Amino acid sequence: ECDAFKANSKFAAVPIGPTCNQLAVLNVGKGQRLPGGVIPHLVCGHTVADFSFDPFDEHMLAVGCDNGVIQFWRIPEKGLTDNLDELNSQLVAHNDRITIIQYHPNAKHVLASFAMDLDLIVWNIETMEQKIKISAHSEPLFCMSWNPDGDLLATLSKDQKLRIFNPRDGEQQLVDEGLATQGSRGGRVCWAQKGNLVIVTGFSRVSERQFLVFDKNDLSKPLASEGLDVSPAILIPFYDNDSSTLFLTGKGDSTIFTFEVSSPTDGPPFIHHLSHYNTPTPHQSLSYLYKCFCDVRAVDRNSDPCFKKTSPAVCEGFIPTPSSVMIALVAGVCLNCQWI
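Heads up: the sequence shown is residues 1 to 340, going by the UniProt record's numbering.
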């Protein structure tokens, strides 16, 4: 269920090996073919279920494995030149296979994990202590996502329900829940409009890929929905708060769908079509970076390393509307943490 490709300004990681028990870590540049022979990688020793770079330390990579252990690896300053088999540390987190791990967006040393034991746990990884445990799910999760402020956590589970939790509220952690997509083939969830909206991707009853927009204060029904096409690939959402643009794509797609998602105070319609972006060859996954890695003078709005079948590359940030209109938005107001 993981996106199978993560990147920051220095490194990109992708699972390799016949049982996905190795994690290749490549230097981010202008794009290159994977080297022949043995690719320098992390020797994890167990099947990699999910992994994530620390937003506060670009050299630290957390790896969730199928034995219930979260491994923490420190990548050398110049990247991997040989296989690395020495862990920085590890955390025995669950009694079953880990499926999702995600760092907190604003708090250092805070990591959330979910496993097939159906427990969602928030950890202090500096002291390796369990801080919060949520046992409100009866089915495995497809996805979980912190809101921009980091005080709420949205989850999408196999029972097709969207839930929002306030992990710090010990007595009533569940804030709201509602039925999301009607298909049970997988999905993703992300936040929009500075945490006021929740976007869910998934499948309809007739296997059409779709996304739905919910008000975070009312999950009983979506504010809007949009069907795209019929494909087995799960739509992975990326949302740019500054321009209110939603990017959607899936593994093996050659199209990045783009929409503007407006604020709930603006009223319907909440979804506005933008020009889609077509890549010359199919890609396996994308990973969007902060604005400080974009070339604003060249009107780059998003820098998105992408992983193709044989090589990682940097997909230049494209503008779905004319640059004469977008340049003010590109260089306009945005979150300070995305520029620093």
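For the record, the hints were derived by calculation from the structure and aren't laboratory data.
Predicted model, so just to flag it, every value in this text is computed and none were measured.
Possibly wrong hints are sitting among the right ones.
Computed list of lysine-lysine pairs in DSSO-like fashion (alpha-carbon distance at most 30 Å, straight line) [as the list claims (entries may be wrong)]: (1) K78 with K108; (2) K221 with K251; (3) K131 with K161; (4) K158 with K221; (5) K158 with K10; (6) K194 with K216; (7) K161 with K133; (8) K78 with K131; (9) K158 with K251.
Structure versus earlier hints, numbers of those that do not hold, lowest first: Hints 5, 8 are the ones this structure does not satisfy, whereas the remaining hints hold.
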